[in-house]
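Protein chains: 2
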Amino acid sequence: MRVDVRWKEKMQFKARAEGSGGEIFIDGGGEPGEEVLGPRPMEVMLMSVGGCTGIDILSILRKMRLEFSEFWIEIEAQRASDHPKVFTEITLFYRIKGDNIAPEAMERAIRLSQEKYCSASQSLKAPIRFRYEINGVVYEPQGGR
Amino acid sequence: MRVDVRWKEKMQFKARAEGSGGEIFIDGGGEPGEEVLGPRPMEVMLMSVGGCTGIDILSILRKMRLEFSEFWIEIEAQRASDHPKVFTEITLFYRIKGDNIAPEAMERAIRLSQEKYCSASQSLKAPIRFRYEINGVVYEPQGGR
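Chains A and B are the protein sequences, given in the same order.
Quick note on our numbering: the first sequence kicks off at 271 and runs consecutively.
Quick note on our numbering: the second sequence kicks off at 271 and runs consecutively.
Derived by calculation from the structure, the hints in this document are not laboratory data.
Hints are not guaranteed to be accurate.
Note that the list lumps identical chains together, so a pair holds whenever it fits in one copy or between two copies.
The calculated DSBU-like cross-link candidates involving lysine-lysine, where the alpha carbons are at most 35 angstroms apart (straight line), are [claimed, not checked]: (1) 333 with 386; (2) 355 with 386; (3) 278 with 355.
Next comes chain A alone, as it looks inside the complex:
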């Protein structure tokens, strides 16, 4: 797997993946409120975790023949206060809207992603917690993580 990340100007970089051809901008600059060309690198790292587990969930729910209308993941991360300011804990909040999604099915999908399939989560050192919401009702994982 290959990507390149090229400096444009200021603290802005354009990144391109050789495999997919997909591109993003990463921007390390910008004062609060100032417009940016893209997210900061550590934000991008969290996004990769969300995309990874999100794609897993789509695939698993599809195999379970469960339909949904909306699906998003909110990710919050704690970081060490000293350099290199690594992630120390990441919490994923899966939120979904659909008519026939039982909490057991959703939790099984999340566990399959986090424990077996999600390359991004498992490539990180930090522990990852999760909870989930179905049609506005919040659930905590059963039986520990």
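Assemble the complex: chain A is given as a structure, and chain B must be docked to it using the hints.
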């Protein structure tokens, strides 16, 4: 630090960072050759490493008062063949063009990034190797990594 990653359609997600406001698309679909909305999640993770160390290098070279005209990083990663297919080794190839950049200065900047400042590199489990090129001449790190 907070981001959200929202499913759009097919295997496509739009990710937004609360802090910077920066947005990217992540696309898990697409057959080879088919157009994609954005890179795949694991490509995005590598991009975050490139952006992180790239911003470090910009800052350090600026403090050293070293000028350059072009700067990019090529990143290659090996992954495990079994699920969850984590990164097993990442190699960064720093490439720069500038008139007064000594190999020792460039190597010092890279080491400061990789060993002290780069949050993304240090948040990953996989070992990270590097080499660098200045005005077309390739250097291997001296004295081991």
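Structure-based check of all given hints:
Taking identical chains as interchangeable, the C-alpha atoms of residue 333 and residue 386 lie at most 35 angstroms apart only when both belong to the same chain, with a minimum of 16 angstroms there against 44 angstroms between chains. For the identical chains of this complex, residue 355 and residue 386 are neighbours both inside a copy (27 angstroms) and across copies (9 angstroms), given an alpha-carbon limit of 35 angstroms. For the identical chains of this complex, residue 278 and residue 355 are neighbours both inside a copy (25 angstroms) and across copies (32 angstroms), given an alpha-carbon limit of 35 angstroms.
Taken one by one, the earlier hints all hold for this structure without exception.
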